[in-house]
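Each chain sits in its own coordinate frame; assemble them with the hints.
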Amino acid sequence: MSLDTVKIETKDKFIELYQENKELIQNDSPDYINEIRNNAFEQFKNLGFPDKKSEKYKYTDLDKEFNNGYRTYLSPKNIKFQINDIFRCDVPELNTKVILLLNGWYYDRENLINELPNGAIVGSLQAAAKLYPEIFRKHFASYADVENEGMVALNTAFAQDGVFVFVPKGVIIEKPIQIINILMDEEEGLTQHRNLFVLEENSQASIVVCDHTLSTPNFLTNSVSEFYIGQNAHFDFSRMQNEHNGSKQVSHLYFQQERNSYVNANTISLHGGLIRNNVNVLLNGEGCENNTYGLYLTDKGQHIDNYVHMDHAFPNCTSNQLFKGVLDDFATGVFNGKVLVRKDAQKTQAFQANNNILLTDDNDMNTKPQLEIYADDVKCSHGATVGQLDEDALFYLRARGINKKESKLLLMYAFANDVIKTIQVPALKERIQDLVDKRLRGELSRCNSCQMHCC
Amino acid sequence: MLSIKNLHANIEGNEILTGVNLEVKAGEVHAIMGPNGSGKSTLASVLAGRELFEVTEGKVKYLGNDLLELSPEERASEGIFLGFQYPIEIPGVSMVNFMKTAVNEQRKHKGLEPLSSQDFLKLMREKKALVELDTALANRSVNEGFSGGEKKRNEIFQMAMLEPKLSILDETDSGLDIDALKIVANGVNKLKSSENATVVITHYQRLLEYIVPDYVHVLYNGKIIKSGNKELAIELEKKGYDWLKKEELAQ
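Chain order of the listed sequences is A and B. Residues 20 to 474 in the working numbering are what the first sequence lists, from first letter to last. Residues 8 to 258 in the working numbering are what the second sequence lists, from first letter to last.
What the hints contain is simulated information worked out from the structure, not anything from laboratory work. All figures in this text were calculated on a predicted structure; none of them were measured in a lab. Each residue gets a CB set at the ideal place from its N, CA and C atoms; glycine is no exception.
Straight line, CA to CA, 25 Å or less: simulated BS3-like cross-link-like pairs of lysine-lysine:
| id | chain 1 | residue 1 | chain 2 | residue 2 |
| --- | --- | --- | --- | --- |
| 1 | B | LYS115 | A | LYS457 |
| 2 | A | LYS427 | B | LYS115 |
| 3 | B | LYS117 | B | LYS32 |
| 4 | B | LYS32 | B | LYS66 |
| 5 | A | LYS423 | B | LYS115 |
| 6 | B | LYS135 | B | LYS107 |
| 7 | B | LYS199 | B | LYS172 |
| 8 | B | LYS107 | A | LYS423 |
| 9 | A | LYS83 | A | LYS72 |
| 10 | A | LYS427 | B | LYS107 |
Far from chain B by the CB rule (all over 12 Å, computed), these chain A residues:
| id | residue |
| --- | --- |
| 11 | ILE34 |
| 12 | ASN57 |
| 13 | LYS77 |
| 14 | SER94 |
| 15 | ALA394 |
| 16 | ARG450 |
Here are some, though not all, of the chain A residues that point toward chain B, as calculated from beta-carbon distances under 7 Å:
| id | residue |
| --- | --- |
| 17 | TYR415 |
| 18 | ARG417 |
| 19 | ALA418 |
| 20 | ARG419 |
| 21 | GLY420 |
| 22 | ILE421 |
| 23 | ASN422 |
| 24 | LEU429 |
| 25 | ALA433 |
One chain only, chain B, in its complex shape (with noise of 0.2 Å):
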């Protein structure tokens, strides 16, 4: 599904990324780990297609097609859902016209008709059940006012709306007390399928207990210097990533 090859970014004339080799399968679930500025969030970014970052080296191929060809709402409508590890607030758009505009714009992308307002407001309804979103949050604007948890579900719940067949989902964890954390993660988790696939970048182990992944790769510097199975995970939340930053050192 998601193929990247020695993918190198900047962000004004600062090399963020180094290098990145990853290969993401349909039905699979990664878990991207990694210290503090090691360029997760630059990653999940570049993907989505956010101009701020230049690309100068390397390829991303996405179902079959050259990914970085593509503006971000065309990424979006060919099933690209970013998830914000920081979901901006926008005040005077309504989360109801942003849905729509959104999903009948992706609809409208794969030639389809708009969806009539009955069958989105039944979408919604749907949907907000799945991640237990209050009604009262949906008729407010975009994240607008939301604490920081109440964004993170709203993260999730317009997955959920969108259906897309990558997430990517940056620091979903991060700001959720238990209880919201495993609302978000059974929201992943039932919105799992083989058809689609998940990469989740996070800083702890904690939210890999609930969405449980099939590799681990470790970030660091830029570029990918450790992969394996969700056992990794365990041995970097004993260990922490100072071993590994050791290891790299010396090679």
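Just chain A, with the same shape it has in the complex (with noise of 0.2 Å):
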């Protein structure tokens, strides 16, 4: 006798949790939000899970992913730990002030609110959500998009908390404010947080985001963050992802540029089981300036996806993308790029470029750069390349006394440092680049005074 077997969509079993748990989903929320809330879940109804018919989710299959019995953490779960004891961050010229995430939600419970003397804030998401309802009216789910995208529908359901950032007009923060975002539980579970980064006019900020897993059961982690760049206002922000290869993670990150500002955005992905990072840019007015890299280095069974959509609104603006991948056992990738000219935006200069390196046959990597243009006087280029190491320059090193080993080494590193060199903070700079080293070198990828494990 077979037993009988009911199919339960991956979508009904987020639809089933919301509507069991919306009271305390939405206790600590203002009437506004989980409006916002009650909207998203209707879309998320509509739009369910991209599946891979999804031309922008075709080599990553997150319904699968998601269709697991992870706890979705409702509540902060208190764990205690003492900080210093496990991670320490000595890279110099950060703001020694560090944000915690504790699997999605503001660590410091006591602290959930800073206001800085010149009138910069940072803090939890949900507590500033209820303190300052006319920046999170303006700008709270302004930018992502809920009404096309599944997974942004699903998180502006469910995010409770997260890190929310605002720096107020003529405001310049000079030291990067470091948030790290720490998975750690006996148990696997999901988060979905959510951030939001407001920058006025003339303002500037620099931020630095840190991905860890501190302990070893499987994590899954469906976070969108949003950031208003403010007219002349500069802004930027690295991430760096290090997480063990039982996590999987997508990220959504919704940037709205005004007038004349600028944006250097970077992710470097040193691990991660899988990783599918969105970043989604609009240049909404004349004169900006954003440039968007990465830099992946994967093995072992790991699968990164990279998708960057860039709409250039209006006219005279410049975006530069460089992706950059080491692949090697049997590792896959992805990179889905796309620029959009739109009509009005003459003088558009758009550039993008997708370069892979695959140590093995067993590597995978599809790779689409493309460009629509409406616009008729522009100058946009795209490309891809996906190929080996250079034998000429590996025999050019090795001719010199450098053994194989360390010869493609170097060649690996000058690879990925295109990338690297352009991370702005020179602290974190040189920090990458001892990590980025020690990854390809093979060797733990961590810190030395951090005592983190990562991977």
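Now the structure itself:
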């Protein structure tokens, strides 16, 4: 006799979870946020998870990844640890005040909001939504695409906490603000945190984000970050992904840039079982510059998928995309980048490149750089390469007495350094150079002074 | 120092070297000349260990050992230096890092401690001066954006840094104007001693006015068809290679 099995769709599990826990999820949010939440939930019911028929998710099956029994953190779990015992970041030049998210929740429950003397605010998203309704009404869920993206709708329905950063008009925050996402638990978990960064006109800030796993169970993350970069504002964003191979994460970054603003965004993916990074940029005024860069080093069965959508909606903007990757063992990768130049966006300069080195015959890389141009006076280029290490260069190094392994490392390092050198915080750049070197050598890629066992 | 006997080598099934014989002793300068496609660069690459070429026959002894057994990096550490005809640009690898790694890898091979940063930089300064290499170039990525002449000068700079026993200079004169040629030749001559040997591969006799060879060999169709002293080079300059080709055919 066979058991009757009813296949429950992944989508339905989350619909049920939301409906059952609606009160708990909505409990700590103001009404206007819950309204957004309910709308997003309805959208999610329509959209569901992207399946492989979706061109954007052709090579990364999220439905499969989310169809598991991982527990969603509906309230902050009380995990006590001495942060100094396990985590100590000694990269100089960073703000000593580190913001910690533990499984998607703001860790410092005693100090949920920090108002700096210059008017800047750094704190918990949940707490800030109650305190600063004007800012939230204007910016929260204004840039992320809930209408078309099932994963973003899912996050918007469920997200309760995350990081909120507000930099008022004309304020310059000199030292980079460091945000650490820590995943740590005794059991498997799913986090869906939400971040909001608002830089008003003529302001300046720099954010460094590090993703780490501190315990062995598998983790799943579906995070959304929104960035509003006001007129003439200057924003530098660096992100280091260093989670263990049992972790899978989908992240969505939405940037809206106003006139003459500048954004430099780097994502360095050192480790992670499955990583899907979405970067969406809207250049919403003349004279913007956006640099979006990525470096990924993958091996074993890891999978990395970078998606970029660069929307040139106004004239005289410049965007640069450079994504580089080294794939080893049987790792797989995807790059899917699109530059959209709208009809009025004359004098656009947009460049996009994706270069890959495959170290074995078992690697698989799918790359798709795309340009869609409706203006007639623009300068755009795109291109992708998938290849091996340059044999001529390898021989040249060996002919000077450098052994084969070291020669390969030198070449891989040089390849990766094109992206690393775009990191604007010098001390962080040096540290990442060191981590990448270790990563390429197959050594544990964590900082010496830090006790975090990320991988 | 180097003894090549009946060396045959293929690339993708095409035989390029068809039986080369050559003896080089310490303190000597040999010039290898010959028309295009005669196998000069192949000989240089095979000696340096390029795996693209397959040695099908013959023996090469270097300092009493079987050279063909060694990897390119072992050959380099044992004192063989190939000056490339077309030096490779390696974006992202700085000259300093490249040379430091090379010098210290070779020292490690010899059981020596790595040079301190201070000693290394001092060595760089000395050798840069020897070949009049622009300091700005030494701070850039390997050969990246160097002019043809700068690349060749950089080869001699590397040779000076690594102090090889046997230098094989593949068309080091091509693409050089007369001033650059003099500087390169001057570098080679300054590095010359009774302990080391140089094999100069060239198209033209011009370089040999500055680097005076003890022996001149003509490579044609993958083997050495004539050897002589520096007078042979002068004769070749006047008469070209056709008379030798005919002589070879007649045999």
